[in-house]
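Trainee: Each chain, letter by letter, is given below.
2 protein chains.
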Amino acid sequence: MIISKDQLTTLEERYRAQLINSVSGFKSANLIGTIDNNGLTNLSIMSSVIHLGSNPPLLGMVFRPHSVPRHTLENILETGVYTINHVNNEIFQKAHQTSARYPKSISEFEACNLTPLFHETFIAPFVQESVIRIAMEYREHQTLKLNETVFLVGEILHIELPEEIVAATGYADLEVANTVCISGLDSYHKTRRLAQLPYAKPV
Amino acid sequence: MIISKDQLTTLEERYRAQLINSVSGFKSANLIGTIDNNGLTNLSIMSSVIHLGSNPPLLGMVFRPHSVPRHTLENILETGVYTINHVNNEIFQKAHQTSARYPKSISEFEACNLTPLFHETFIAPFVQESVIRIAMEYREHQTLKLNETVFLVGEILHIELPEEIVAATGYADLEVANTVCISGLDSYHKTRRLAQLPYAKPV
Numbered sequence: 001m002i003i004s005k006d007q008l009t010t011l012e013e014r015y016r017a018q019l020i021n022s023v024s025g026f027k028s029a030n031l032i033g034t035i036d037n038n039g040l041t042n043l044s045i046m047s048s049v050i051h052l053g054s055n056p057p058l059l060g061m062v063f064r065p066h067s068v069p070r071h072t073l074e075n076i077l078e079t080g081v082y083t084i085n086h087v088n089n090e091i092f093q094k095a096h097q098t099s100a101r102y103p104k105s106i107s108e109f110e111a112c113n114l115t116p117l118f119h120e121t122f123i124a125p126f127v128q129e130s131v132i133r134i135a136m137e138y139r140e141h142q143t144l145k146l147n148e149t150v151f152l153v154g155e156i157l158h159i160e161l162p163e164e165i166v167a168a169t170g171y172a173d174l175e176v177a178n179t180v181c182i183s184g185l186d187s188y189h190k191t192r193r194l195a196q197l198p199y200a201k202p203v
Numbered sequence: 001m002i003i004s005k006d007q008l009t010t011l012e013e014r015y016r017a018q019l020i021n022s023v024s025g026f027k028s029a030n031l032i033g034t035i036d037n038n039g040l041t042n043l044s045i046m047s048s049v050i051h052l053g054s055n056p057p058l059l060g061m062v063f064r065p066h067s068v069p070r071h072t073l074e075n076i077l078e079t080g081v082y083t084i085n086h087v088n089n090e091i092f093q094k095a096h097q098t099s100a101r102y103p104k105s106i107s108e109f110e111a112c113n114l115t116p117l118f119h120e121t122f123i124a125p126f127v128q129e130s131v132i133r134i135a136m137e138y139r140e141h142q143t144l145k146l147n148e149t150v151f152l153v154g155e156i157l158h159i160e161l162p163e164e165i166v167a168a169t170g171y172a173d174l175e176v177a178n179t180v181c182i183s184g185l186d187s188y189h190k191t192r193r194l195a196q197l198p199y200a201k202p203v
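Protein chains in written order, with UniProt numbering: chain D, 1 to 203; chain V, 1 to 203.
Since no wrong hints were added, every one of them can be taken at face value.
If chains are identical, the list can't say which one is meant, so a pair holds when it fits in one copy or spans any two.
As a list, the in silico DSSO-like pairs of lysine-lysine whose alpha-carbon atoms are at most 27 Å apart:
hint, residue 1, residue 2
1, Lys145, Lys5
2, Lys190, Lys201
3, Lys104, Lys94
4, Lys190, Lys94
5, Lys94, Lys201
6, Lys201, Lys104
Hints are computed from structural coordinates only; laboratory data are not their basis.
Using the sequences and the hints, build the whole thing.
Mentor: What follows is the structure in structure tokens.
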């Protein structure tokens, strides 16, 4: 079946969103923890965290247009810091629930029954139930004129993860850590490794 | 275990790359098909394709710094078009092999034993062995000053996929299509759905 760009414009909005969100492939599943200058915490699931570089260690994320309140984005711009916390198979339903439109005065931590974890020297909250947690510092953001989405770049300040999941090569075994992935808008998957392949050389 | 930013700078380069590439979460697995104005095809596996929007239907990708030849990026800038083709469990080894540094005169299609598929009205090659294939048109690109990576945005011109994998909601079942995902630099995974969750509302 071929669906053309013109046909896409005729589709019902939610149907189109599900379809287009599916075709990019599987997505990462992370909870973004933030806090505002009044001490109100916020937690939000995002499927757009991507690797941008290893040195400096940079991760990108995509925010929907800022035409409606975006507490996560606003908090990051306000405080300059945030956390990225892997969604695992034990918390994916709670993580999904953070996508509901809670008002700013309600923290998704409480509303979704996830536990904020604070370090002495870092103001943004981590998710205690996450096995892999990353402290992030804002570096830059840009609004894509094409559709007003915001692409935000941050640098890793530190990584917390169980020592036993890190191989001698530096590979961190997400599968053993039970990190899940996402497809479409709302489908959560665990994984099963097919293979880890050696560095490819021309043959 | 906590690994700080300072400790990251002391790590061996490949180890650090594996670690940082792991911690963003699972990644999409796509083969990007391009052609140059001399008719030479190119195929390259990428793990950075992300959803940017549904209307217009936009997908982003990240390229490593342009300080070494980047045939895929150069071809896209030259011709304005490319294809995105899902990597599935039958072709993931061949797909991985496309990451080897072949010279421009050698097409990864031939070198890695994947079949180019051409449509009459579109010059960039699709991958016949891929079950989900997308025709893309270049829209814009930016170089991130932080690390000279290139973020490229394209618009979907059409989507090819089996009708039977698309649900009544518009969700395209990647798992049934055997699309794989990636973790770290070189680990390929199939998936198993935990659940598809309804639209979240504040409770």
